[in-house]
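*Asks:* As they're listed, the protein sequences go chains A and B. Read the first sequence against the working numbering and you will find it ends at 891, with the numbers running on by one and no gaps. Read the second sequence against the working numbering and you will find it ends at 1891, with the numbers running on by one and no gaps.
Just so you know, not all the hints are guaranteed correct.
Quick list of in silico lysine to any residue cross-link-like pairs, SDA-like style, CA-CA up to 25 Å [claimed, not checked]:
1) K492(A) <-> D1657(B)
2) K1731(B) <-> E172(A)
3) K488(A) <-> F1671(B)
Derived by calculation from the structure, the hints in this document are not laboratory data. Note that the coordinates shown come from a computational prediction; the quantities given were computed from them, not determined experimentally.
There are 2 protein chains.
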Amino acid sequence: MAQWVYNFAEKSGDRSADAARLLGSKGASLSAMASLGLPVPPGFSITTEACRWYYEHDRALPDDLESQIDVALQALRRATGRGFEDARRPLLVSVRPGSRAVMPGMMDTVLNLGLNDRNVEILATETGDRRFAYDCYRRFIQMYGDVVMGVDHDLFEEILDDAKADGGHEQETDLSVEELEALIVRYKALIAEELEEEFPQAPRVQLTEAVKSAFASWMSQRASIHRSINHIPEDWYTAATVQCMVFGNRGAESGTGICFTRNQATGERGVYGEFLLNAQGEDVTAGIRTPRDITEAARIATGSPYASLEKQLPDAFGQLKGHADKLEAHYRDMQEVEFTLEEGKVWLLQSRAGKRTARAAMRIAVDLADEGVTTREEAVLAIEPGMLDQLLHPTIAEGAERTVIAQGLPASPGAATGEIVFTPEEAEKAAAQDRPVILVRVETSPEDVHGMNAAQGILTQRGGMTSHAAVVARGMGKPCVSGAGMIKVDYKNHLLTAGGRTFRKGDIITLDGGKGQVLAGRVAMQQPELSGAFGTLLEWADATRRMGVRCNADTPKEARAAYSFGAEGIGLCRTEHMFFEEDRITPMREMIIADTEQERRAALAKLLPMQRGDFIELFEIMAGMPVTIRLIDPPLHEFLPHEEEDVEAVAKSMGIDADRLKSRATELREFNPMLGHRGCRLLISYPEIAEMQARAIFEAAIEAGRKTGRQVTPEIMVPLISLKRELDHVKGTIDTVAAEVEKETGVRVHYQVGTMIELPRAAIRAHDIAEVSEFFSFGTNDLTQTTFGISRDDATQFVPSYEAKGVVDRDPFISLDLDGVGDLMRIATERGRDARPGMKIGICGEHGGDPVSIDFCESIALDYVSCSPYRVPIARLAAAQATIRNQTRSS
Amino acid sequence: MAQWVYNFAEKSGDRSADAARLLGSKGASLSAMASLGLPVPPGFSITTEACRWYYEHDRALPDDLESQIDVALQALRRATGRGFEDARRPLLVSVRPGSRAVMPGMMDTVLNLGLNDRNVEILATETGDRRFAYDCYRRFIQMYGDVVMGVDHDLFEEILDDAKADGGHEQETDLSVEELEALIVRYKALIAEELEEEFPQAPRVQLTEAVKSAFASWMSQRASIHRSINHIPEDWYTAATVQCMVFGNRGAESGTGICFTRNQATGERGVYGEFLLNAQGEDVTAGIRTPRDITEAARIATGSPYASLEKQLPDAFGQLKGHADKLEAHYRDMQEVEFTLEEGKVWLLQSRAGKRTARAAMRIAVDLADEGVTTREEAVLAIEPGMLDQLLHPTIAEGAERTVIAQGLPASPGAATGEIVFTPEEAEKAAAQDRPVILVRVETSPEDVHGMNAAQGILTQRGGMTSHAAVVARGMGKPCVSGAGMIKVDYKNHLLTAGGRTFRKGDIITLDGGKGQVLAGRVAMQQPELSGAFGTLLEWADATRRMGVRCNADTPKEARAAYSFGAEGIGLCRTEHMFFEEDRITPMREMIIADTEQERRAALAKLLPMQRGDFIELFEIMAGMPVTIRLIDPPLHEFLPHEEEDVEAVAKSMGIDADRLKSRATELREFNPMLGHRGCRLLISYPEIAEMQARAIFEAAIEAGRKTGRQVTPEIMVPLISLKRELDHVKGTIDTVAAEVEKETGVRVHYQVGTMIELPRAAIRAHDIAEVSEFFSFGTNDLTQTTFGISRDDATQFVPSYEAKGVVDRDPFISLDLDGVGDLMRIATERGRDARPGMKIGICGEHGGDPVSIDFCESIALDYVSCSPYRVPIARLAAAQATIRNQTRSS
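Using the sequences and the hints, build the whole thing.
*Replies:* Following this line, the structure appears as structure tokens:
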């Protein structure tokens, strides 16, 4: 026979995780507190397994549940001397749903259960407070009627408002006993009228119905949506806790509040929190009365006119502080404690890890370790790496007023305010005049990069989390909102329509890249603060992690930023981004429209010194750390102008015939450029491009080595390999150039040639390719595109609806698809290292900065992850966590 | 110590394949004939391993090769009484390179080696024919000078022409002994002058150099190109045979010729062939003299004025016929025998499987089995399945004159002649007037299908073997030349420029789809003949094969054709092709531009009866055999007009605003449509489309079942699945419709829901998907695209150059990439059947009609292949061969 019911004092499993799984986090916390000897109102939990049974049996309760509840109620009677049918000491309980996940406000509580027409009188007699008793009954009927019986909450509120108005009262607390009795009559009539059913008088029936209702709340629309947003599995189910009532509304030495064991905003040590005198929990939530500070220090700091708990009720404060210390010591983390003060005695209702800002989280984790409460490993594990984002970008000030005019994707975090511009040229012009601007585009392309660089932030109408705009913006550390489908960009008339309003060029808007919001006007900002704890924690992470952390950096500016964030080299330098700069795009285009190899070589010769210069700078910045340079990747048509008028202008500036330019662009046009003539395919068609790039790399390595006195060992990465023979070809070209450069300069450059693994075939044939390739780097953006057959540029057409319909849990372009893409990576790693034992393997797709993906990379023993500069700290932390978790997994 | 040299009589391995690998096919054939006791001039082979050693050691011969050759020469002396230095009986030999593969004319022979200034005199004395001896010497110096020493062939010919002119002779045979002696002096002088080196007099040196030259010829440009075209691996290397000379130029009872054991054009039984009297082999090749028929019957048939061998030299004919019979019996196949007649005695120089037409091949295979020479299995294995193509389409008549104006890809076999038209509308108009036309397009799209259907053949400037034009044309069984990059199509002026000529609309051209040629004007055709042997062979194939053969058919016409070719059901019916027909495209477009689900449903309701009608017809034609219907696959924008003017016209005909149409088209535009909003992604976005299609299928199944009296069990195939949950969704929709239809009609339809495996993720997660999917069908076109990351529409930009540079051996869109795509298929099959044992799995990509791919499908135990109707017979044969080979492999 299954055990469906656990008293709080009963052990439900070996680890607290087991307890939470079975009893919900609230039930588990009550059990834990009870076993610590802390003052917890007695009670019991009904398990999540009972809830599973309920859903698997057409919403019926297990047969033996009622008898187990009866046994638990008998135990309560022994502990408290109270019972539902007791003539002098009536039992009142709360019934609360609660799952493993904390879902605040998602599922409704019922308080004061057990009251009826008879018990209310007994309670009045027992407490000597008739008004209190009838107030409890009134509240109970209202809650039960709403939550369990399903009568619209507002109908009760209307009646309550009428009663107040009739009595000429402002507040509920002003209602007299008689008025409350009349109100109860009207509540009961409302229920009878709405449901053709009476409010149940039998407490045991009330309890059964409340438990059913707690289970049913798991599938409420509200809860379902919350689960789907927060990726909480449906089959976790909910438990229900049944607990003796304690009352915070029993007078001047009663109250209710929440206490944090440390400051949740700063992480400072010492209890902290708020409470309401003479109130029940729901009054706190309602926010009608202003809560008081718990400590006197906080009262002074906030300048509150109300006495603090510490001052007013020092004994209660002392109890609370003692409990708080005990709880933090037990849980070894900052706790958020719900308490009720009943006539001078503190009762604890829940304790859980307290919510905190990123800054506080850092400080708390470091302090707890320094205090010897936790280990440094635990400190490293304590921080959700994604949180660090908050610390690395300016953000909208807390509490600032927001006029949201559109919602898009949170493509690149941070906030920015500026004038609207619609073209990269305008952005550059404004930047030259030091005017901050937001570049607004339908979508961006490589031609827009200079304008993106000049702007404070980027807003696009189309494109996903890994669209061009998003990727480039993240690389630049600039805020970006992408795929804001509800805005309309009218280039011709320089208009942006959003949120029913029309903005002109020059109007001010603000982007919140962390939330994906577009806001009207200027909004207050706060600057990032890298507190000392932040640095300490990353040091500890570095001491722990096995994998290296490199950066994806194409420019000296990005490389410097990444270096300052602790990058240990460059894992991906996309050389083509260098070709879009103003002085380079013209020779690049000359190269593309060349009719002969000779013409092509002439154009490439102009690009050589520029590329060499770029590489020298990158090598110098990275000061002997590894730099992986990817040879040209995109199809050539990306470098040509697309629009008719641009073609004319470019042709004119190049001094060539517009028709020639147009016809070359048409020739190069592709149906599916993503699957087209790019990467190594270009390098094989035009080996002279590979020659120029290899030469620039080798000459730069020699020059930078001379300047810095450290040997530079460039890693040359060939993109889009699917066949070993492709790599044979390109490596042949590179090796030839290396020999030439050595002959010319007398200096031998040490280098490695490797490949991106970004096509399924390369993963499957990794053992062939590893015969030639000296390292691998997973290009998981393209690998995800080809494995799923989804173009990331077009994915916004259906991936959001896939998430909404539950077809995918997470956008696979943000978090690695471990089952599919991940399995290919595992296969590639195994096969590659079979052929070349110990081969260096990394990841340089966008996933290299995603903690879940980093965890996976550790599990398949990659050597490093590489991510955009602003995610380097996140990756350092995530890699450390992955190391610890992996050790745990494998031990 | 390695054995580099084998006498013909020596055994070199257990199987003839071993012999051919080591000795080349010529060496192996000489060995075999020697061991049969047939008259073979004695000699020896130097192995391909010696050639490998030569290339692996910087073109040096193995140290011990010379001594092994000396031993072999001693054996020759014992057998013939001849030696290089013998004073009375000089040894003359031929040296011939020859690999496992037959590479006619690719590598050069040296005859009469051993002659020098001394031996020529001895030969003159021995034969009593001084002119003969000097003619041999003259020929030898010329060949040796050219082939071994590398003096330009033409320089010798010039001298020879001079000598003829000086003597006033027309023919070489008219040269006197003295003139020949003078010619030899001039030849030697030429060599000395060109090379500053004398023609070598020592026969043993001549031999060593000739062997080296034979090995070197393997890497000649000519041989390399031949290998690359014919997919012959470089590391097969060549052997060299050294063989005593026999002379066909020793008078009226001497000669040389080629004899087939059966007729190579018709397959008829009985020897057949040609010979030249008093000639050496090279005279036959030169083609100066008209050869005579071997049999009298053939002489009569051809009306030749020259006596046949049978008539003129009946004894020699008798010898030859005896040898031929023996050889055919030994090899159990029709043989092509090279022979030399020396003074009345027939010597055999080579015997190999004779070249034959497809028709002859069929007849011979069936006859040999009927005669009991071979088994039926051997007969089935004897035919290269691709050959059948010749028999299934009208073709250009043999010997017809061709004016090739452009070369493209042989996209769909057969030949067609017609007027040039440039638009599908013109094609339809012409078809209505019974005027045959060739539709010429830059590329085709689904909108052109009605015009393609009306045309006799299709020519496109762009697109590969699996471009839209190619795939549709093959489906229709119409000739198509695609990707003829050298033509220029000028739609505006209705001009086609090709081969330096300009053709107007209405001008006549001819396509040879089997060769990929475009020919000017009208060319004579021959109609396909399905001889009785063809049918017999396919019956035997059907009795042998394990896999089923279905067809890819979208229309009743295609289904009927496939049925007549023996298809056992439909493996792929692409429902979207049905939407392009004139009466359907308008409701389809209404559906696409609909703003609401209601509008969409209204448009779909118009399509329902038409789809139902199509399915009824297909089910009736297939008469109870399985029919797999794929739900809609392409992105919706494919159904909308692209060009500005088309948009106007369509909008007008639909009675809607052109701007609305345009704006919807823009909304739907995709960067990479191949990876876009299509397949199951559409069906999830617009479940009402799936509902309509499922309803049409179920209602048609009921109706067709009623009409034919046979239960129809449709297989509904969901395209582009990468996640199990996608299939859950779509299957849910289908199942709901099935229940509705059952409720409405009272008839239960039996059906299966399965999926295409056409994305790498689906292959990797086949075990998940198989939990829901009742069958799999590999969509290898898309699977190849995504596995390689190559768009087949753009592949022509670089795949041809990949083939040319040896980066790929074969276009992976034509022949499955077994290592990569194949490995994914293997993984998917294993994982899928792990989850659903015995699951039915097929292939419906273009590869389903490719013999090499079919062989692979057998090896991974697929249940059936599905291919275009005209490839069904090929697939039947290939599947049978695969069954036999797989049994051999696994036994």
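*Asks:* May I ask which of the numbered hints given earlier this structure violates, with the numbers listed in increasing order?
*Replies:* 2
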